[in-house]
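K.L.:
The primary structure of each chain is shown beneath.
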Amino acid sequence: MPEKFDAIVVGAGPAGTACAYELAKAGVNVILIERGEYPGSKNVMGGVLYRKMMEEVVPGFHKEAPIERPIVEQRFMMMDKTSAVTFSYKGMEWAEEPYNNFTVLRAKFDQWFAGKAVEQGALLLNETVVLECIVEEGRVVGVRTDRPDGELRADVVVLADGVNSLLAKQLGFHKEFRPDEVALATMEILKLDKKIIEERFNLEEGQGCTIELFGDATKGILGTGFLYTNKDTLSIGVGTLLSGLIKHKIKPYELMEYVKTHPMIRPYIQGSEAQEYLAHLIPEGGYRSMPKVVGAGVLVVGDAAQLVNAIHREGSNMAMTSGRLAAETIVAAREREDFSEASLDDYRKKLMGSFVGQDLKKYKDATHHFDKFPQYFEQYIPMVNRAASQMLTVDGMPKREKQKKIWRDIGPAKEKIKMARDLYRAWKVMK
Amino acid sequence: MLHIVACIKQVPDTKIIKMNPKTNTMDRSSAPAILNPYDAHAVEEAVRLRNRYGGVVSVLTMGPPPAVKAIRKCIEIGADEGYMITDRAFAGADTLATSYALTKALEKIAQTRPIDLIICGKMTIDGDTGQVGPGIARRLDMPPLTSVNKVVEIDSEKRHAIVHRKLEDGYEVVRSTLPCLLSVEKEINEVPYSSLPNMLRAARYQPHIWSVADLPDIDKTQLGLKGSPTIVSSVWAPPKPQGGTMLEGTQSDQVSQLLDILMARQELFAAASGGEAP
Numbered sequence: 001m002p003e004k005f006d007a008i009v010v011g012a013g014p015a016g017t018a019c020a021y022e023l024a025k026a027g028v029n030v031i032l033i034e035r036g037e038y039p040g041s042k043n044v045m046g047g048v049l050y051r052k053m054m055e056e057v058v059p060g061f062h063k064e065a066p067i068e069r070p071i072v073e074q075r076f077m078m079m080d081k082t083s084a085v086t087f088s089y090k091g092m093e094w095a096e097e098p099y100n101n102f103t104v105l106r107a108k109f110d111q112w113f114a115g116k117a118v119e120q121g122a123l124l125l126n127e128t129v130v131l132e133c134i135v136e137e138g139r140v141v142g143v144r145t146d147r148p149d150g151e152l153r154a155d156v157v158v159l160a161d162g163v164n165s166l167l168a169k170q171l172g173f174h175k176e177f178r179p180d181e182v183a184l185a186t187m188e189i190l191k192l193d194k195k196i197i198e199e200r201f202n203l204e205e206g207q208g209c210t211i212e213l214f215g216d217a218t219k220g221i222l223g224t225g226f227l228y229t230n231k232d233t234l235s236i237g238v239g240t241l242l243s244g245l246i247k248h249k250i251k252p253y254e255l256m257e258y259v260k261t262h263p264m265i266r267p268y269i270q271g272s273e274a275q276e277y278l279a280h281l282i283p284e285g286g287y288r289s290m291p292k293v294v295g296a297g298v299l300v301v302g303d304a305a306q307l308v309n310a311i312h313r314e315g316s317n318m319a320m321t322s323g324r325l326a327a328e329t330i331v332a333a334r335e336r337e338d339f340s341e342a343s344l345d346d347y348r349k350k351l352m353g354s355f356v357g358q359d360l361k362k363y364k365d366a367t368h369h370f371d372k373f374p375q376y377f378e379q380y381i382p383m384v385n386r387a388a389s390q391m392l393t394v395d396g397m398p399k400r401e402k403q404k405k406i407w408r409d410i411g412p413a414k415e416k417i418k419m420a421r422d423l424y425r426a427w428k429v430m431k
Numbered sequence: 001m002l003h004i005v006a007c008i009k010q011v012p013d014t015k016i017i018k019m020n021p022k023t024n025t026m027d028r029s030s031a032p033a034i035l036n037p038y039d040a041h042a043v044e045e046a047v048r049l050r051n052r053y054g055g056v057v058s059v060l061t062m063g064p065p066p067a068v069k070a071i072r073k074c075i076e077i078g079a080d081e082g083y084m085i086t087d088r089a090f091a092g093a094d095t096l097a098t099s100y101a102l103t104k105a106l107e108k109i110a111q112t113r114p115i116d117l118i119i120c121g122k123m124t125i126d127g128d129t130g131q132v133g134p135g136i137a138r139r140l141d142m143p144p145l146t147s148v149n150k151v152v153e154i155d156s157e158k159r160h161a162i163v164h165r166k167l168e169d170g171y172e173v174v175r176s177t178l179p180c181l182l183s184v185e186k187e188i189n190e191v192p193y194s195s196l197p198n199m200l201r202a203a204r205y206q207p208h209i210w211s212v213a214d215l216p217d218i219d220k221t222q223l224g225l226k227g228s229p230t231i232v233s234s235v236w237a238p239p240k241p242q243g244g245t246m247l248e249g250t251q252s253d254q255v256s257q258l259l260d261i262l263m264a265r266q267e268l269f270a271a272a273s274g275g276e277a278p
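Heads up: the sequence lines are chains P and U, in that order.
For the first sequence, position 26 matches number 26 in this note's numbering, and the numbering has no gaps at all.
For the second sequence, position 135 matches number 135 in this note's numbering, and the numbering has no gaps at all.
Each hint should be verified, as a subset may be incorrect.
Looking from chain U toward chain P, a few residues come up when the C-beta cut is under 7 Å (computed) [unchecked claim]: (1) Asn51; (2) Pro197; (3) Met199.
Each computed DSS-like pair below joins lysine-lysine, with the alpha-carbon atoms no more than 27 Å apart [claimed, not checked]: (4) U:Lys22 x P:Lys231; (5) P:Lys25 x U:Lys18; (6) P:Lys108 x U:Lys15; (7) P:Lys195 x U:Lys22; (8) P:Lys42 x U:Lys69; (9) P:Lys219 x P:Lys364; (10) P:Lys364 x P:Lys431; (11) P:Lys361 x P:Lys52; (12) P:Lys231 x U:Lys18; (13) P:Lys63 x U:Lys69; (14) P:Lys260 x P:Lys231; (15) U:Lys158 x P:Lys191; (16) U:Lys22 x P:Lys191; (17) P:Lys108 x U:Lys18; (18) U:Lys15 x P:Lys42; (19) U:Lys18 x P:Lys42; (20) U:Lys69 x P:Lys4; (21) P:Lys195 x U:Lys18.
Since the hints were derived computationally from the structure, they do not count as laboratory data.
Since this is a predicted model, take the numbers as computed values, not measurements.
Every residue, glycine too, gets a C-beta built ideally from N, C-alpha and C.
Excised from the complex, chain U in its bound form (with noise of 0.2 Å):
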């Protein structure tokens, strides 16, 4: 019997989302709020693995009040329990201050529970950044594996994890101690459409909310802006490549094309040619 509890966020859709031009912040009310893509994907990794071992799949978010919705999204996935910590205190934090208010909530959830295994995604849509996991192991003291694309196996017998971690040239292949924290790759898994049974529990579900006065010794200098040494000075959109020419046609087409193209701009070659050759 597993307990695998993932960390979720739900974010704005940056697919569509607006920034504001004058003070380059995004525009949070342009874009509607969605589960994390790649924390549906840890999700259902944790869900896969409890079909294959037994056990109970919590998720675990920290959030504004409508996140609950994010959390519904992850029954549907197929996960047994949702906890949330809410509270004004936790508004503005950063990836150092995340983590640890998580920690909190995670330590507070193996009071009930022991955790075997974290899962989170690789990182979020909104931040980028792919730090919240590793800094909760770390709190947490237990191996951080990021980058996993595969879970070969989990023994709850031997404690220990077997995964694959996706490098540049290939892969890894690691064996960790358990309790360990996985961060997942998107393509670890697809996501199937949700049967209606979990679409009813989740429609009905009411998650575990928790506020800072609900956690035991917390260090609230540790939560939100306070906690948070991470100073943004400036945030600005990477400037939009001007001009260049669109080869239509067919793959053939396109090469012969470009071809003439640099055949007719002899001046490229010969700057570069125009020094020494070694």
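For reference, chain P alone in the conformation it holds in the complex (with noise of 0.2 Å):
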């Protein structure tokens, strides 16, 4: 007779442990399943965790989580092959409470959260992989593990299986994800004292800094670079679209020691050491990607319902509000008794009133416009970044000259106004 929990939730990454922590907490019992040796074995993320989120789930959670530093300063690189203009903003209202984000390693961060929900009552269970669903009479009544007499029910199913949920895409939810839908990350943690760390980021002890990469650090592909700082470690690493990969014809690897040795960034890394190298898909489709997140007994948060907005490198805080509101329907149908999809609509309807679906919404078009467009990326940071050269470089030449010179380097008057209409359209998508 396999076991029934009220609860079932699979995947402890930030959406199911957060939606774990809250129905523990609300005195349900859930099993929280993982098929890594420990939650955040297998989790990858560039390392920022946005505070506000975090705290709606573990108020005052700083204190005492696993953080490495927080941020105070970001930067933006547009880089060239041998140049970058950078705008930055460092301020010193995030390097004090209530803080704006920190930079985490995964492996640590996703494991104290994962015992924090233990300590509200959650079961954890390790090392098992959820198969599938177990569907009867059209509603999801438990899963199936890979283990002997695997088993267990439960009122509701909680997938939070990641990226490309195969539990979803089984019921029917999604289908396999296009090439356009999904970027591949690989990552490297490089090791560098602390001290070299701070000094060579302009921080002060234990601050961090990101910084993120656009153009050349992804040789024009579609996608987006990152250099985060650690307590003793930095995070480095690249993403683009799987479809951006297939078309250039780049390992991501090469892609990965390009940003490595590129001049605008070897200064950063020079002498560190390759501690681990992490490789995961990220879902970027947005809301025209977003699956169904709701059926009778079943509900979908975090990546697996592709929650990312992939323009402001959010994520796991869109997880763990997913993973939260998903708790608080759960609380709701069980003291209605009702796990039927109407009753659990309430997920779907909450989730996009918050920030979550209006991020989504109001991106729906970005990424998809950027990855049609290749001119940004291709065109335009290149020349933003001769301009700067041009005008900042003292030569002699009047700096009325110069202007017109940059005017000129944009091409014929068609050339002119298709960057025009690029732009608009840019800040269209972007609104």
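Starting from the two chains in their separate frames, assemble the complex, guided by the hints.
P.N.:
Okay, structure coming up:
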């Protein structure tokens, strides 16, 4: 006789753990199933954790959670082959409570977070793979795992099994994602002395900095690179749409090597030692790629629901919020003793009404637009670099001459009109 | 009804552990803590014997509080009960002090349920000594049977055990009285993928945890660093073999390549046969 729980959460990442935490806190008998050896052992992200959404689950978490550094500066580098135009914001209000965001290493953080869910009363089961949902009379009533006697029953199952959710796919909630709906990110964790990190990134003790890389970091392929400071390591990575890698016939590790040896990046990481190499898919299809997120007895949260804002590199915060909203919905559904699709649909409504749905909607065309029109990355970023170089190089040419030259550099009138149109379009998809 | 106790240890995974090049000691933070692989086989054998003859399997470990994880692993394999002794006074124990502390815990376990059989792994992968098992047997005055690769029979009526002991050129069949202590080879069994009910039980399981104060009649001078006469004067990593040539291809390719190399270096044989042949 398989054991019955009130709720089963599949996947102990930020979405699943937030959900299990909230459920357990509300007295729901919940089991959190993780395929890895421990939560975080299989998870990858660049490493920025947003304070606000995490705090909505565990207030004051930063005092005890294994965070790396609070971020006080965010830089954005538009890179050409041997140059970069950098925009940055640094603010001391980010160096103190309540903080804005933090860098974290997922292997440590997820383990801690799942531990908090266990403290609330959730049962954590590691090293167990959920193979499929058990569906009876059109509703999900449990899961089948890869273990002998491996069935479990529950009133409701939450799928937090990450990008390319096989379980949601089996239920027919989404099709296999297309290569232009997912990005492949590779990253390395580089060991570097704490003091050297702080000197190189212009930081006071314990503070952190993030650098986002655009343009040549991805060899002009749509995507971004990143370089984040941890306590005594750096996280460096690069992610591009899978379709871009296929089109340009570039292997992910080649791109990684290219970024690491780029003259704008090399000095930051000099003398560091590679400690870990990680790779993962990121759902970047956005609003248009969102699967069905509610069914009878089942909810889909986090990456499994494609909840990533690629433009603002946000994901873990959306994951946590979705997990929290799913838990709220389940608690209410329990009171009604109704786990039908109509009853659980509150989750979808709450999600779409929150910043998660709003932001996904706002940027619904952004990735697709930049994917369709590669000139932004291939032409305009190098152009900005040339213009900056031209204006800032003191060579005796009058400044008005320089401006004219930059203007000529754009090309004939036709090109100028095209650029104006592109800028308008970019503004439209981002507004 | 048998009561079988498996003695286990949580160890750093030495397959991936890094050595501190300055002190030549293990950097324990560089590797995850796992159940000593030999001990998994000890627990599995205990579980199989229980399933065959009926009874109870207990596991016992000494270690810091996180070692509870290793006990849970044993519950996943199918053990019934877990006992842990943990105390700062145990820290720094060598095999002599460890076997003393474990013996005291075994005596306490035996008070509630007499022990018929103790099973240990052949050795731990962090210490590689294989001394704790026999140490316990000596202290409890029971026969130690090392290098066991098969248990033929345990007869709780006739009070004997029949096992195979692995030798360099085969094995010997040994009959011992009960209680006795076995230390087992990896080949004794294969540890299967644990069932979901066992996993659930393990996730919920709270082991019995004892400190020095919970163990009666214990001689504190025999514990931990104080009770450990072993002195580690120095530790070094064996030098990595340098040079060498890897031969590739099929087996016959490799043989002919090897012959070519040897034929080209006749001086090797000349030197060997240079003296007067007997």
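K.L.:
None of the hints should be skipped; say for each whether it holds.
P.N.:
Verification of the hints:
no.	hint	in the structure
1	Asn51	violated, 14 Å
2	Pro197	holds, 6 Å
3	Met199	holds, 6 Å
4	U:Lys22 x P:Lys231	holds, 23 Å
5	P:Lys25 x U:Lys18	violated, 40 Å
6	P:Lys108 x U:Lys15	holds, 21 Å
7	P:Lys195 x U:Lys22	holds, 21 Å
8	P:Lys42 x U:Lys69	holds, 19 Å
9	P:Lys219 x P:Lys364	holds, 24 Å
10	P:Lys364 x P:Lys431	holds, 11 Å
11	P:Lys361 x P:Lys52	holds, 21 Å
12	P:Lys231 x U:Lys18	holds, 20 Å
13	P:Lys63 x U:Lys69	holds, 26 Å
14	P:Lys260 x P:Lys231	holds, 20 Å
15	U:Lys158 x P:Lys191	violated, 62 Å
16	U:Lys22 x P:Lys191	holds, 18 Å
17	P:Lys108 x U:Lys18	holds, 19 Å
18	U:Lys15 x P:Lys42	holds, 19 Å
19	U:Lys18 x P:Lys42	holds, 21 Å
20	U:Lys69 x P:Lys4	holds, 25 Å
21	P:Lys195 x U:Lys18	holds, 23 Å
Violated hints for the displayed structure, listed by number in ascending order: 1, 5, 15.
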